[in-house]
Structures are given as structure tokens and as C-alpha cells.
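A.B. asks: Knowing the structure of chain A, use the given hints to seat chain B on it.
Here is what each chain is made of, one letter per residue.
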Amino acid sequence: MKIHNARSGLALACAAVLAAAVLALAAACAEADSGDSRQASDEVGASAGADRPSLLVYTVNYPLAFFAERIGGDLVQVEFPAPPDVDPAFWSPDPEMVAAYQSADLILLNGAGYASWTDRVSLASSRLVVTTEGVADRYLVVEDAVTHSHGPEGEHAHGTVAFTTWLDPTIAVEQARAIRDAFVHARPSQEASFREGFDALEADLIDLDVRLSQIVAARPEQPLLASHPVYQYLAARYGLDLRSVHFEPDELPGPAAWRDLQAMLEERSADWMLWEAEPLPETAARLRELGVESVVFSPAGNRPADGDYLSVMDANARRLAALYRGMPER
Amino acid sequence: MRQVFYLARRYLAYHRWKTITLVGAITLIVYLPVGLRVLVNQSSRQLTARALATPLIIGAKGSPLELVLNTLYFGADPPALTRYAEARRVAESDLGMAIPMYVRFRAQGHPIVGTTLDYFDFRGLEVAAGRNLAVLGECVLGSRVAQALGVGPGDHVVSSPESVFDLAGVYPLRLRVVGVLGFADSADDDAIFVDVKTAWVIQGLVHGHEDLTLPEAAAGVLSREGNRVIANASVVQYNEITEANLDSFHFHGNLSDYPLTAVLVVPPDQRASALLQGRYQSEEDLAQIVTPVTVMEELLGTILTVERFVVAGAVIVGLATLATAALVFLLSLRLRRRERLTLFKIGGSRLAVASVMASEVVVVLLGGSLLAAGLTFLTSQFGSVAIRALLRT
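These protein sequence lines are chains A and B, in that order. Just so we're aligned: 279 in the working numbering is position 279 of the first sequence, and the numbers increase by one with no gaps anywhere. Just so we're aligned: 363 in the working numbering is position 363 of the second sequence, and the numbers increase by one with no gaps anywhere.
For reference, chain A alone in the conformation it holds in the complex (with noise of 0.2 Å):
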């Protein structure tokens, strides 16, 4: 037995027992870095978002996406995926189209329980736009909505707020103005152009809130009828004299629907009957021999086949314009 094997032998040892101690001291190392680590993908993930070129803004009518498309220019993509065919108020999309909506940088609501499909999907807040929560206070009450009450919370009423609000052109600028300032603060850089495009639109409208109020301003005192109870703001804003039925242009009013009818012109006679789209020929032969004559007046809800939103607010004040001077113009 040698004397430097023995203490290299004692050497040996004594490392070993450092590479122990070494050991447990680099397990608790390691376990603070994985902890470090995972507290820095936590602060990754919370400051995660989508951060596109252009922004994806997603509509829940066709006046939203026109607003945005004339506001965001290039800037924006702007999707209104409804159905050309179907009221976009009354329209609940699948939900692949939900997740559609969800991938969107910004959805732009309507407000005024406008899309109510709204209300039963899962949408992240941060992304929704109510363009009309600044004006809420200019909400008109559908008075003859129904409401029931049961069970300890007692009374309560569905689609009590009118929610044509665009029909209001001041209104529609204030829907546009919130647009402007939700693209400003989702991308700060782009002010500039965002303004400019309002400042278009902004003009546009007001010039037909001008000419509206000007056809209107022969004959205030005119009556009128609605075939449907979506030109509230209209009446409104301009002091229409104008009163609602339940009329569908597509389908033919049964006869309590007349009866109704004949009972409204017997209290207060009116000439004209606003449609949001041309009535079935026989609806109009009909009403023709009650003495009411049928004009369209889209609400542009959804995307219109041909023109865009101003375009057909254009020949809604066209028709307006002849009624009012006594020549409907169909």
C-alpha cells in the first residue's frame, strides 16, 4: 500500500463530497431558473396580441363596415360576413364564424341590443367597439315591445331600444367618430390618415343630414306609414309623422294585418308607406287601392348589391325627395 495512493484516495473523497454538496446546490439552481423561465413566458403570454400590418376589423352590419372601410382606407381589412340575403339584425352566425369574429382586432357592435347574437357568443371584450355608447342617451323606446316577468327577478322587456340608429345621420357620425378613435387607439402611428378619412365621411353625412332635412322641411306635417318599426331615428331627427305596422316585403300581410292597417288609416289617413325594400306586387296593388302608395327607403343593413352605403342613402333621399313633392318615384 503506497503512501500518495492513500492520499490521492483521501483526496478523491473529499471532492466527491464537494461534488455532492455541488449537486444538491445546482438542483436548487436549476429549480429557481425553470421558475425564472416560466415567470418570463407568463409576462410573454400576457403581452402577447396580434399585431398585423393592417388592422382586421370585423362588423356586425353594413353601415359599421362602410364606416370603417371609408375611415381605415387601406389601413383596415374590413369584414361584414353576414349573408346578403338576411337582416344582419336578426342574423346569428355559426360558430366558425364566431371564431372568425374572435381572430379580429377590433368588432365594432352597433349598440342598442342591434345583433343580439352579440350577447350569446363569447367575444373578448377588449376587442368590442359599441359605437353608440357614447350617444346611449339618445336611445329611443320602442314602446310596444313585449315584456314578461316571472320568478323572483321580476319584470323584464326584450328589444325595447330602437336600433336603426344610422338612420340618424348625427348619429351615424358619432358611430363613425368612435370608430375613428378605436383605429387611433389600436394603431396610434396612423392618426393622421384615420382623421382624414373621418373628416371625409363626416362631411359626406352631414351633407345628407342637410338634404334630408331639407325635403323634409316642405311638408313636416306629412303622415306617413312604415311597414316595419325601424325608422325611428329618422322620425326622429327629422319630426316624421310617421307610424309603424308589421309588414314584411317579401311576404304577403294576412288579414289581421290589413285589419290592423284599415284601423290605423281610419284613425289618421297617410299617403305614403316606407319600405326598407320593394314590397311584393300584390302587397302594393293593395295598399295602392286603400289610397297609400309604396316607397322604399333602405335602411342599408347589409351590404347593398350594387353601390355602397351613400349611394343608396342617395336614392332613399331621391324617392324621399319626389314623395314629399307629391310624385313618388318607384
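Among the hints, erroneous ones may be present.
Not everything, but these chain B residues come out facing chain A in the computed CB check (under 7 Å) [said to hold, decoys possible]:
hint, residue
1, 118
2, 133
3, 195
4, 249
What follows is a list of derived Cβ distance ranges for each label pair [claimed, not checked]:
hint, chain 1, residue 1, chain 2, residue 2, range
5, A, 185, B, 150, 42 to 50 Å
6, A, 134, B, 305, 48 to 56 Å
7, B, 310, A, 188, 33 to 41 Å
8, A, 87, B, 62, 41 to 49 Å
These aren't lab readings, by the way, just hints derived from the structure by calculation. Built from N, CA and C at the ideal position, the CB exists for glycine as well.
C.D. replies: Only chain B this time, still in chain A's reference frame:
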């Protein structure tokens, strides 16, 4: 050298029970304080990591700890309820993103977390199977919940009634599983996520029932006065949301008054955070705003105080054990006097004999240290699981 170790090894093997006892004692001496430190560090880090990643929480005035634990870990009893108006208040202030949280109900023992899709973005949670929440009545499972319940997309889970004696209270809602989240190594793995509106459906605030204006619902109608319909309690309400009845679901009352357990707030910067906190300093305010990391640090302060006592105890016990081990070695040396003499007589030097004895000590110390290192490594790997299991109970 080989001979020295051979003799030491043979001696230790012959006295195996004494060796095992000594190695076990050394293991405990090293492991107890180190392992405890690792465990405390791990729990501290786990508690603070999630708290650090959660800038602010708003809730009803009450215990801040209860509010933070419920919002971050979903395990504690629900805190005093706040209102959805608080989420709107933050959103309207433009001082941060508000994520509503309603963690009150459970399904098969797992917490149901009512929130919005912003929560998934905020925590960086990804759907590993199926898809994310789309419509009312759907749920997405944390990875451990899916594993524990053995369910996946297309299956159902049923929310638990709050109390079997509360006949007028919360009824079970059958939730459709549409997705399973990837493993996040956090409390999110143990939760069932629903849209906050679905949580309100569970509570009955948002509900669907047959159309009261239809003749079929006549049995449930007490009176009709013009456009006003009053129904009795027998009106058929749905306990599962399907494609067929989805459109009948509606809200009762003012949405701002709807309950939440908390609002998780993500301000864009420190300035917004400070401004927001300043707005909740009023005594009259029914809501409080808390910084989770501050609350958790207070909790950790208590844990660390306890840890210091435990470590001090472990060190004292360790010293006593070391002294005992030293005594064992010394007594052993005395008992082995004749053995040493024999080694001298057959030519072994003093140093070589001392090396044999020392090697035995070193091997025992090394064995104990290695075992302690192994246990510490296991603690570092599985300690977090144990902590979460403790937090869940």
C-alpha cells in the same frame, strides 16, 4: 488507493445496518434544511410568479388575500361579490384592460371560471384540442381537468348545485366541452373555463325559456295585459343550451348589476396603474383595488417566518445528529484498536491506516450527501405539484 477503498467498502458492507443508519442520518441532516429551502423558494416563486404576472385586481371590499387567492388560484371560497359595473368602469377609464372573473361555481369538484376571451390572451393559454369558446353553454377544460375527468371535446360536464337544500337556488347546467387547453403548469390546468355570461346562466341571471307569447306556454302564464305577460314558476327553463334554444336566452335586469368575484386589470403602464389605484382610495367606494404581488408577499412573509423556525429546528437536530455520528465514529475507532494494530503489523503505514478509517467516514458522508442531492432534485421537480395539491385542498 484501490486497496484503501476496498478495505473501507468491505468494512461498511459488513456493518451494513450501522452504515445505513449513518447514511440516513447524514441524508436527513443535509436534506431537511436544503429541501425545505427549495420547497419554500418554489412556493414563493409560484405564488409570486402568478401574482407578478397579474398587475391589479379589483373586488368588493373585504379580505384582499381571499380576493387574490380566488382570482389567481380559483381554490378559495368566493370573496364578497362585486358588480360588472366595475369592469365597465375600468374600460371606460381607458386606464387598462378589464377582464371580468366570476369564480363561484364548481363542476365535479373543479372550479368553473367565468371570464372572457381576454383571459386566454392575457395568460397565454392555447387550445390544444378542439376550439375555443364560441357560444353560451360551452366550456374549455384545463389539461389536468380533462385528464382527471376523462373528457374531451364533444363530451359534457355538469355544474354542481350550490346547495342541495336550496331548492330555489342554482340548478345544474349541462356544459358542452368544446376544447382542452394545453398544459400551462399553473392553476389554469385545474379549471373549467366558461364565458362569464355562461356563469350567469348557471346562476339563473341569464336564462332561456319557452316563448311566453306562444299558446304552448299558456300553462305557465298567470296573466296577459296588453304587451305584459306574467308567468309563474312552472315556466319551462332550459338546463342545457343547444342550437335550438340558444336564441331564447336573455338577460334579466341591468348588466352593470351582474355579479363578479373580481376584475383582473391590465394597465398599459405604471402611470395608468397608479392613476387607477388612486381612484379606489375613497372610503365610500364599495370596491377595493389590490396589487396581487403585495398581498402575496405579505402571505410569504408569514410563510418565511415559519420556515425560519423550522430551519432553526432542523439545524439544531442536525448538529445533534452530527455529534452522535461523530461519537459513533470515535467509538468505532476505539473498538477497532486491535484491527489497526494488525494493519500496522502487516506493514501498513499510519497514514494508510488513517486513510482506511477516513475513507469509511467519507463514503458515509458522500452517500448521505448524494441521497440528499437526489431528494433535493426530486423536490425541485415535483415540489410544485405538491404545493398546488396543497393549495387545492
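A.B. asks: Out of the numbered hints, which ones does the structure contradict?
C.D. replies: Number 7 only.
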